[in-house]
Each structure stands twice: as C-alpha cells, then as structure tokens.
Amino acid sequence: EVLEEQGILRERLQKWYLSPAIAHPAQAINIRSTTGENFAIVDTLTGSLLETVEATVAFFQIHPGAIYLHQGESYLVTELDLASRTACVVPTKATYYTQTKDITDLHIVKVGRDKSFGQIKVYLGEVEVTTTVVGFKKKAQFTEEVIGEEPLDLPTQSFPTVALWFDLPPEVIAQLVELQLDFAGGLHAAEHAAIGILPLFALCDRNDIGGVSTPLHPDTGRAQIFI
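Just so we're aligned: the sequence shown equals residues 490 to 716 in this note's numbering.
Just so you know, these hints were derived from the structure itself, not from any lab. One or more hints might be untrue.
Capping the alpha-carbon separation at 20 angstroms, the derived lysine to any residue pairs in SDA-like fashion look like this [unchecked claim]:
#  : residue 1 : residue 2
1  : K590      : T533
2  : K590      : F549
3  : K604      : F690
4  : K610      : P659
5  : K590      : Q646
6  : K610      : F549
7  : K582      : E633
8  : K504      : V491
9  : K582      : T533
10 : K628      : L558
11 : K627      : T589
12 : K582      : K627
13 : K610      : E680
14 : K626      : I592
15 : K590      : G699
16 : K590      : P659
17 : K582      : K504
18 : K610      : E633
19 : K626      : L565
20 : K582      : D532
21 : K582      : V546
22 : K590      : L558
23 : K627      : E615
24 : K626      : V546
25 : K604      : E615
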C-alpha cells in the first residue's frame, strides 16, 4: 500500500504490478554498491562521464596521481574533488601503474558466536573498520620496479561489517618465537591464505573480502587474524 501511494505499484485484479510510469527500474539499482554514495570519473578533455565508483573504494582507485584503467585505456587522475565527489582524469601513456598504501584498524563491537575447533577458537561478530590511505607507489609495468612514491592526505573512512577471527594456540606462538621466525609475517600470510580459500565456501570473489592481522590486538590482548 505504501508503494502504491508512492506511485511505484498498481493493483489490478487483486495482484500488484509495477507502475507503467517506471520504464526501466533496473537502471535505478547500482549493482556495485548499496550506499548510493558514488564518485564520478570525468574526462576533463571531453567533459564526458567515464563511469562511477563506490565511495568505499574511491580513495584506493581514483586518488590524485592514480592511474585508472577504463575500457583498456589509461587515465591519470589530476584532481579528486571530495565536495562534488568527482575525479578529474586525462588520457595518459604512462608506463607504470599505481598501488596505494593504507593503514587499517579494526575494533570489535560485538561477539555474535564462537566455536572451538581443537585448540583454535573461532569467533563471528560485528566490527568497525577504519582505513586511511596514506600514499601510493608507482610501479613499472612488467618489471614491478618501484619508480616513485607519493604521500596522500585523504580523510579516514569507517564502516561497520561482519568479521570472522580466531585465536592461535599459545604453543604455536611460543614455538614460532623460539625458532625466531617472522611471526607477524606468518600471521599476514595466514590471513591471505584464508581470504584465498573463502570463495570455495561462500558465494563471493576474493576481492570482496578484506583482512587484518596483528601480533597484538588491543581489543583481545592476543595475536589475531580477522577476515
């Protein structure tokens, strides 16, 4: 009834139908994001809109100085206007690509469930993720050589999400320390391994998933891997 009052639906023969005034309803739905907060990418030479990207990834993809790929063509981001949510770009023949550097923190809001698997305890709950993009590297195509680094001054972004995290057995931690192995590096490797295999069990792409690993998380006082 509410949708009927808004002119979206019409009732006919005790059935509901989409109003004829709405010709293409799918065009109003963004398949990339549910926030509706997107950044426009505009070619300043032609004034044409190339495409839009969601706000959650904008600072990673269209920061000032970024090389952005659109339909196989490279564009250099010359300006990112936060007020109008617009990235100004120009075509470029650059032989490098850009890779951002960021600082990500995670705060546990609420533990929903937990379960033990042998010596490992796994948790599922609500978390708050805070990310700051602090700079980017320029890497040569094909060789991966770092040919330059630039700092960035962009606002911090925060968003709530659901995460899975788990404790490591104290015996494992003690053994790694005793062998003088790279404990933090091992945590990071395990994080990426977990991200890589998750699409085998969930309907998602590995790029849909993020992770945080730390030898000492302030909320738990323990080494932690979050997915």
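Against the structure, the hints come out as follows:
1. K590 / T533: Outside the cut-off at roughly 27 angstroms; violated.
2. K590 / F549: Answer holds: K590 to F549 is near 9 angstroms, not above 20 angstroms.
3. K604 / F690: holds (18 angstroms)
4. K610 / P659: holds (12 angstroms)
5. K590 / Q646: holds (14 angstroms)
6. K610 / F549: Status violated; Cα separation ~33 angstroms.
7. K582 / E633: Given that 20 angstroms is the threshold and the Cα spacing comes to 17 angstroms, the pair holds.
8. K504 / V491: Since the Cα atoms of K504 and V491 sit roughly 15 angstroms apart, the hinted pair holds (cutoff 20 angstroms).
9. K582 / T533: Judged against 20 angstroms, a Cα distance of about 16 angstroms means the pair holds.
10. K628 / L558: holds (15 angstroms)
11. K627 / T589: holds (9 angstroms)
12. K582 / K627: holds (14 angstroms)
13. K610 / E680: holds (16 angstroms)
14. K626 / I592: Given that 20 angstroms is the threshold and the Cα spacing comes to 15 angstroms, the pair holds.
15. K590 / G699: holds (14 angstroms)
16. K590 / P659: violated (31 angstroms)
17. K582 / K504: Since the Cα atoms of K582 and K504 sit roughly 57 angstroms apart, the hinted pair is violated (cutoff 20 angstroms).
18. K610 / E633: violated (39 angstroms)
19. K626 / L565: Holds - the C-alpha atoms of L565 and K626 are around 14 angstroms apart, at most 20 angstroms.
20. K582 / D532: With Cα atoms ~15 angstroms apart, K582 and D532 stay inside 20 angstroms; holds.
21. K582 / V546: Roughly 24 angstroms separates the two Cα atoms, so the pair is violated.
22. K590 / L558: holds (19 angstroms)
23. K627 / E615: violated (35 angstroms)
24. K626 / V546: holds (17 angstroms)
25. K604 / E615: holds (16 angstroms)
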